[in-house]
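> Generate the whole structure from the sequences, applying the supplied hints.
4 protein chains.
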Amino acid sequence: MILHLKRNASPKERKDLLRRLALQGVQVHYSPGSGERILAAIGDRKALDAEALDKHPAVARVVPLDTSFKLANREFRPGRGEVRVGDLRFGGKRIHVMAGPCSVENRADFLAIARELRHSGATILRGGAFKPRTSPYSFQGLGEEGLRILAEAREETGLLVVTEVMDTRDVELVCRYADIVQIGARNVQNFALLKEVGRARKPVLLKRGMMTTVNEYLMSAEYIMSGGNYAVLLCERGVRSFDPATRNMMDLAAVPLVHHWSHLPIIVDPSHGTGNWRWVPPLAKAGIAAGADGLMIEVHANPDQAYSDGEQSLLPERFRALMRDLKKIASVLGRTI
Amino acid sequence: MILHLKRNASPKERKDLLRRLALQGVQVHYSPGSGERILAAIGDRKALDAEALDKHPAVARVVPLDTSFKLANREFRPGRGEVRVGDLRFGGKRIHVMAGPCSVENRADFLAIARELRHSGATILRGGAFKPRTSPYSFQGLGEEGLRILAEAREETGLLVVTEVMDTRDVELVCRYADIVQIGARNVQNFALLKEVGRARKPVLLKRGMMTTVNEYLMSAEYIMSGGNYAVLLCERGVRSFDPATRNMMDLAAVPLVHHWSHLPIIVDPSHGTGNWRWVPPLAKAGIAAGADGLMIEVHANPDQAYSDGEQSLLPERFRALMRDLKKIASVLGRTI
Amino acid sequence: MILHLKRNASPKERKDLLRRLALQGVQVHYSPGSGERILAAIGDRKALDAEALDKHPAVARVVPLDTSFKLANREFRPGRGEVRVGDLRFGGKRIHVMAGPCSVENRADFLAIARELRHSGATILRGGAFKPRTSPYSFQGLGEEGLRILAEAREETGLLVVTEVMDTRDVELVCRYADIVQIGARNVQNFALLKEVGRARKPVLLKRGMMTTVNEYLMSAEYIMSGGNYAVLLCERGVRSFDPATRNMMDLAAVPLVHHWSHLPIIVDPSHGTGNWRWVPPLAKAGIAAGADGLMIEVHANPDQAYSDGEQSLLPERFRALMRDLKKIASVLGRTI
Amino acid sequence: MILHLKRNASPKERKDLLRRLALQGVQVHYSPGSGERILAAIGDRKALDAEALDKHPAVARVVPLDTSFKLANREFRPGRGEVRVGDLRFGGKRIHVMAGPCSVENRADFLAIARELRHSGATILRGGAFKPRTSPYSFQGLGEEGLRILAEAREETGLLVVTEVMDTRDVELVCRYADIVQIGARNVQNFALLKEVGRARKPVLLKRGMMTTVNEYLMSAEYIMSGGNYAVLLCERGVRSFDPATRNMMDLAAVPLVHHWSHLPIIVDPSHGTGNWRWVPPLAKAGIAAGADGLMIEVHANPDQAYSDGEQSLLPERFRALMRDLKKIASVLGRTI
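Protein chains in written order, with my numbering: chain A, 1 to 337; chain B, 1 to 337; chain C, 1 to 337; chain D, 1 to 337.
Bear in mind the hints are in silico, worked out from the structure with no lab data behind them. Please read these numbers as outputs of a predicted model, since none were measured by experiment. Honestly, I wouldn't trust all of these hints.
Which copy? The list can't say, so a pair holds if one copy fits it or any two copies do.
Dumping the calculated DSSO-like pairs for lysine-lysine here, alpha-carbon to alpha-carbon at most 27 Å [said to hold, decoys possible]:
#1 327 / 195
#2 195 / 46
#3 6 / 55
#4 15 / 55
#5 328 / 55
#6 328 / 15
#7 6 / 46
#8 93 / 202
#9 6 / 195
#10 12 / 55
#11 46 / 93
The structure is reproduced here in structure tokens:
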């Protein structure tokens, strides 16, 4: 339930309201940027008597919610909520492009591609240090060494960095190096991990699972937010389908759906969404046309030699050409890249 | 197998080649526009001895095919094959928009919406006379009366008309009235019907089934083409998924996939693809950005009163606004609407 | 809406009731075996005033239906409705096994396998004369010649025969030869064909589609029944999934679901359901354990030489061994084979 | 690659072989029960020269593997490998039934149901202490208090206990109380957690994910085994489908597939597999008929009051009746319960 407080409610009235809610075990979250005037009251139905709350002198309006996500709900944060990452803002007019290789493979190559990507207009650098691989015998990432390379690339290029965390015990470590911590598709309902990043003070990029409904996806975001971390970025990266023609099937309707139900920004990852570099440019364009707030694109200087996901990685020159096309589309949609 | 004949092959040499192929039960199809210089030879492997054919004096080049679709294959018709419908061409620079209500409900309303759509820039009018409904007790369409109304609307507006056929026995009737005959998603593997429209001399709009892989889809097109009717338009209209948030899940990667494997044009239907008018504009834009050759959009003056699919129908004014946005996107992609 | 009439309603009262229903355009169907005492009244809601009907002197009880299938609903035909095919009954204590090759390939082989299957305990012979193949270049069946071979096999073995019809124009022809006409998975929502077999006087085996929900499936049965043909057998044959490990994924919960919602018998086809002969015996047993009223199993004397579906065909000796196992399971479930 | 060593290989020859493998970074795992005579050599292809190894004096036979799972492969452990849990063995003639409520809700109720289940013939008690819930606001389990209740129930009834672990940091804690640690469907590709239980010395029940192919599933088992913990039990619990009629769709073909490809035992969970108590008995029977090595069934004395999954919980008397039916089916299949 969302409560809008009266502008002129007295401190005493406010305090009384909070005391009553606390007595009934109701959790309270303030809508960021509302000057503590909009709050979500979360508890079981019996504890939340809408009628009584509506009459409370501090309350201007009670908005009941018909979805199970409360903090991720548009009612909690009217308008399109922006998420800040360093100096960047997601969810506004500007579309951000995260790019980079699937994995951080070694220092020299990573720094080289980082410079290249900055020139092409990417604002955020991606690269996995901890890799979720189907096989225990596949390359599992460089671990902390990879994180250090990411940090060095940030130093040198000024780009921010996003990288995945897979274990609750690594959250602190990854937060020390990354600007955005990523929760991968396979961990979208790893609730222990969601709670842990919910306690962190870093923006989280939460990827949709291969079999997660949009509603469940927003519930996973809610797990993070209910821990107090409201800086959640969503990412549609394709779901599983019956057709082996592509690695996954991109569900671009998720973009307007998320914007309709939630204030959270959502980006699109056509690299995992299609699994083949050929389909990345058309689907990246389609994602922007559908209203996405950003893109995540895999780029590799030698896709054939990539430790992982080479087939879906764009060559740097193809990425550059794509960026030019994306800028044109963004401009006719009233956005910038 | 595709055979490129020598430019200077003598009539006798050509005749000899055809005789040999015929003797082994091989079917021959000429690539349209190739001046009988490119042909598909279709038969079982034993009958098709690539090596021997390669040495035949009439043959310049043998192209083996690794897909089971031959006539729908890009090798059969190099470049992007255009499909003519009246004076319009699908598959070229121009993007065509088919619009109209789900069903033809009555003469007056249909003529009214037809005029409206012409003004908005649609070039083809859609409307069902025979309706495939899940329930036998739902409105089944006006039948031939609906076809007559479609024809009248064409007369008055100059728009071409597309409408669905569901029964082999109705193909002749529907062809008499329609400019394009539509095979609906549920009939995508109704092989008897595909063969029947393959014998017709009308362009066919073949919708993808809810559970059809892109490969199977091209095989269904092949059924029509193998009957001699090469004027096939494909249409991605969403497939079934696990997420009830939308009626179907649009697989926009099908657009570049079809363009990569086949010369056939492909359009996109975001109305069925999403099932809700709210998501139609973003997905229509995304379809165009992904490279679609056209759109099919349901428009109804009173969606609440529609006999079918009201929820996914745009109001005429929303359609007009969408057309304006689409034109802008098309222009930066080097296309027109 | 289902109406139970009073046992002692006078002819005049009954006639009055029917007249009223007819005046409002309500369709009436009598429950088979109810002595015209249970009827389904089908029309739009306004025409069906439950309260007024409840007070009518001929009416004992009004049962509103909350599903869109009426004639397929358990309320229309209380208990487990039996479907007769010749002397056999489906849906009772006895489990029937339909077996045979995918296609009728030639007379000699078909007669040989037919004799073999009779000895193993099958009661119905399957074999396709009209084949729905993904490719127009694959073997399409022997057509009427195949039907004649089926009829001859019936003559010789006493087994009944089931075979597929794909075109509305062939329904009469197929009905002339077959004891059960089959609608294949790809035609489960070919409504023109469903209506046509609804007019036939032959039992229909309606296979579930690869992407048909149980509810839609019962609606397809309703199409047939609303034409007056109540002899419908359902068949779970696997649906499409994301896992390429099997051709389809068998949804055995469909068996108890259908029995809960409907009076129609349901059999199980583990050959198409798995696509590999190795998994046929365990899934056949599982189908029986789940409560299926019959099985359809592909058997071929030379699977490697089969024109279609060889990989999923059992060798005759494996089929014989399976039948022995099935009998044991049936017996502990209180059924016979 | 699997190596069968010669029975009479000398200690020196063996040592030499191991040294060579170690030099090339190849991991060695001995097949349990093989007396160190069968081993899996895991490394990249270049390191594993089959021809050279075949000639090594200690090697009797080299078996190349065409699957990416090595330790889960049937070649690693010929025959059907049994997994011991306390005095019980999974994978042999005896079928084990794990039963209990979804969550441990309180001491008194749990002890009561535990006694009841022992009388009905269950051998393992289930109950969640850490619960993976879609919503952060739903009951999350009693945590360690729940584990203590589980242990007390084991003391009193002699039943073994299985319970879920969700966080790498809790593995040690859960192992202290449980006889089998469960990895839930949502964590099937939580690789950090798989590695952690791979280091534990407790049997692991690994549930299949809602969207996991059988191949990926076996790769997840491989993660656990590659850590040295070979005691893995698999569990088919339904995957996600397009049909909302059931909570999940049970893929019973997974049972024979797993038995064909792997030596690991596999049980079936019809409670999550269907989501409705009505379909649990038929699907439990079907699971056994398909060859499952065990069942997991939710039972609750007051399903309406259950904190979670009440709808899919059987009443104790229904569970008792089901056990009687299962025993009959098991007996005709040559197994016991």
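> Each hint: holds or not?
We went through each hint and held it up to the structure:
1. Proximity of residue 327 to residue 195 under the C-alpha cut-off of 27 Å is found in neither arrangement, the shortest distances being 37 Å within a copy and 44 Å between copies.
2. For the homomeric pair residue 195 and residue 46, the shortest alpha-carbon distance inside one copy (26 Å) is at most 27 Å, but the shortest distance between copies (43 Å) is not.
3. Taking the closest pair of Cα atoms, residue 6 and residue 55 come within 27 Å of each other only inside a single copy of the chain (12 Å); across copies the shortest separation is 56 Å, beyond that limit.
4. Proximity of residue 15 to residue 55 under the C-alpha cut-off of 27 Å is restricted to the intra-copy arrangement: shortest distance 15 Å within a copy versus 61 Å between copies.
5. For the homomeric pair residue 328 and residue 55, neither the shortest alpha-carbon distance inside one copy (52 Å) nor that between copies (51 Å) is at most 27 Å.
6. Proximity of residue 328 and residue 15 under a CA criterion of 27 Å is satisfied in neither setting, with 52 Å inside one chain copy and 53 Å between copies.
7. Taking the shortest Cα distances, residue 6 and residue 46 sit within 27 Å of each other inside one copy (24 Å), while across copies they are farther apart (48 Å).
8. In this assembly of identical chains, residue 93 and residue 202 lie within 27 Å of each other by CA distance solely inside one copy; the values are 22 Å within and 47 Å between copies.
9. Proximity of residue 6 and residue 195 under a CA criterion of 27 Å is satisfied in neither setting, with 32 Å inside one chain copy and 53 Å between copies.
10. With identical chains, the CA atoms of residue 12 and residue 55 are at most 27 Å apart within one copy only, with a shortest distance of 16 Å there and 63 Å across copies.
11. With identical chains, the CA atoms of residue 46 and residue 93 are never at most 27 Å apart, being 41 Å at best within one copy and 51 Å at best between copies.
Taken one by one, the earlier hints fail for this structure at numbers 1, 5, 6, 9, 11, listed in ascending order.
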